[in-house]
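Chemist: Positions 1 to 448 (our numbering) are the ones given, in order, by the sequence shown.
Just so you know, nobody snuck in bad clues.
Pairs of lysine-lysine, DSS-like flavour, derived with a Cα cap of 27 Å:
#, residue 1, residue 2
1, 139, 241
2, 270, 331
3, 241, 214
4, 107, 32
5, 241, 203
6, 422, 380
7, 426, 355
8, 354, 406
9, 417, 355
10, 354, 426
11, 315, 268
12, 352, 363
13, 439, 354
14, 439, 426
15, 280, 241
16, 363, 380
17, 406, 426
18, 354, 380
19, 406, 393
20, 439, 363
21, 426, 380
22, 417, 393
23, 406, 439
24, 417, 363
25, 241, 331
26, 439, 380
None of these hints come from the bench; they were simulated from the model.
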Amino acid sequence: MKKLKFISLCCIISILTANFVFENINATSGGKILYVGGSGLNNYTKIQYAIDNASNGDTIFVYSGTYYENVVVDKTINLVGEHLNTTTIIGDVTDTIWMTGNSACIKGFTIRDNKSQGAGIRLTWDHHVVENCNIFGVKYGILITSSSSNLITNCTFRNNEYGIIITGCKCARGSINSIIYHNNFINNDVQARDEWSNIWNSKTGNYWSDYAGKDENNDGIGDVPYTISGGFNKDYAPIMKPIDIVPPIVRLVFPNGGEFLAGNVTIKWKVWDDCDANPKIDIEYSMDNNGWHAVATGLSNTTEYMWDISALPVKKNYSLGITATDMSGNKGRDASNGTFTIISPPHTDFIKPKKGFFYFNNKEMIPLPGNLTICIGAIKIQVNAFSDIGIEKVLFYLDSNLTAIKTSEPYEWVLDKKTFGKHEVKVVAYDNAENEVSKRANIWVFNL
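Use the sequences and the hints to build the structure in full.
Modeler: Take a look at the structure:
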């Protein structure tokens with residue numbers, strides 16, 4: 001009962017404080033996006049260069065790679081790594097990341113191997129968010145000094161001297177009302193030290209590799225609190241197993257920009273996840289950057305999906321997005337690198353032979369009842385084919401066997417095989433974007 005009362009009280013405090021934190025962080029939404037490590041406009045070679053050129057409310061997206069630099073975040077911005085397993089910052093001399101302004105957000109980085117006595121991330125001032133980060137091999141994973149009302153969640157602190165340390169000058173500003181939950185603290189010399197008053201759990205708390213308590217009711221939460229050194233703080237809902245904080249890696253393979261598409265399109269993607277072999281897949285499209293619309297939701301990770309685009313307007317500037325959600329609720333996303341165009345599908349039809357006619361040595365003689373087509377002697381198979389972007393080739397098949405390939409007009413082939421009986425003739429036309437259309441005809445051929 002005491003455990004439940006403690007957790008309930010902490011949940012109420014967490015919710016109230018979390019609302020306050022997020023209310024401030026939301027001020028960073030909007031603004032422009034700057035890029036680091038890629039190419040094109042608004043792209044920089046160093047994270048600090050992008051920060052120096054950013055304004056309050058901007059987002060800085062950092063592509064996967066290893067960045068050797070120390071970063072000062074002195075603005076209300078979002079600093080986002082492409083993926084925490086592949087986007088790494090290695091600092092030297094001082095704190096690797098020092099957040100000196102208000103209401104900044106950092107997510108999606110690995111921070112490691114700082115050779116100095118500094119921190120992986122240092123927080124000063126208030127209302128910061130740190131989420132989905134790996135921090136290891138430094139003196140202080142996160143150092144909070146005279147900084148309040150922060151949120152730290154979905155992070156892993158491993159093999160540091162201190163996982164988190166919260167301090168501040170008692171004669172000036174303190175460090176209070178921060179929420180630290182749903183993190184992994186693994187094999188740090190000191191897992192956490194809190195000299196002020198902060199909140200270390202919501203409905204669930206954190207995973208502590210040195211937690212010695214039991215879970216008698218098997219609810220995944222320890223039966224006794226975990227004590228935080230430095231004061232009177234406790235994690236009242238310590239988690240018994242490490243938390244999966246790593247989002248899936250998603251790569252959209254096709255369409256990825258520059259394509260001309262028609263009819264049915266096979267969307268292709270790849271997904272990697274540490275713990276879930278079959279994350280759920282959501283697919284969306286956007287037209288003219290005017291919001292996202294569902295293509296399919298809750299798919300299994302089949303890596304392919306057939307998309308019928310025949311009802312969509314024929315025009316340019318389409319984009320596609322793939323989101324994978326693993327069993328722990330971590331989300332990974334990728335979108336097409338450029339836009340693609342939806343066009344009218346190619347067209348083909350038989351010119352000769354026609355349905356319901358009798359042919360003698362390639363000459364049309366008389367009509368026949370129904371769709372019966374009879375040819376005595378050789379017959380020249382002729383088709384038309386056209387597309388908005390041109391025809392690349394036309395393939396002719398006889399009874400599923402490829403017999404001819406034509407890359408220019410006239411699209412025709414002579415069926416002069418010695419045969420007696422019914423045959424299927426199929427033609428497949430490909431436009432210059434590899435979209436295809438096919439037609440079939442059944443004919444009786446008597447050529448001895």
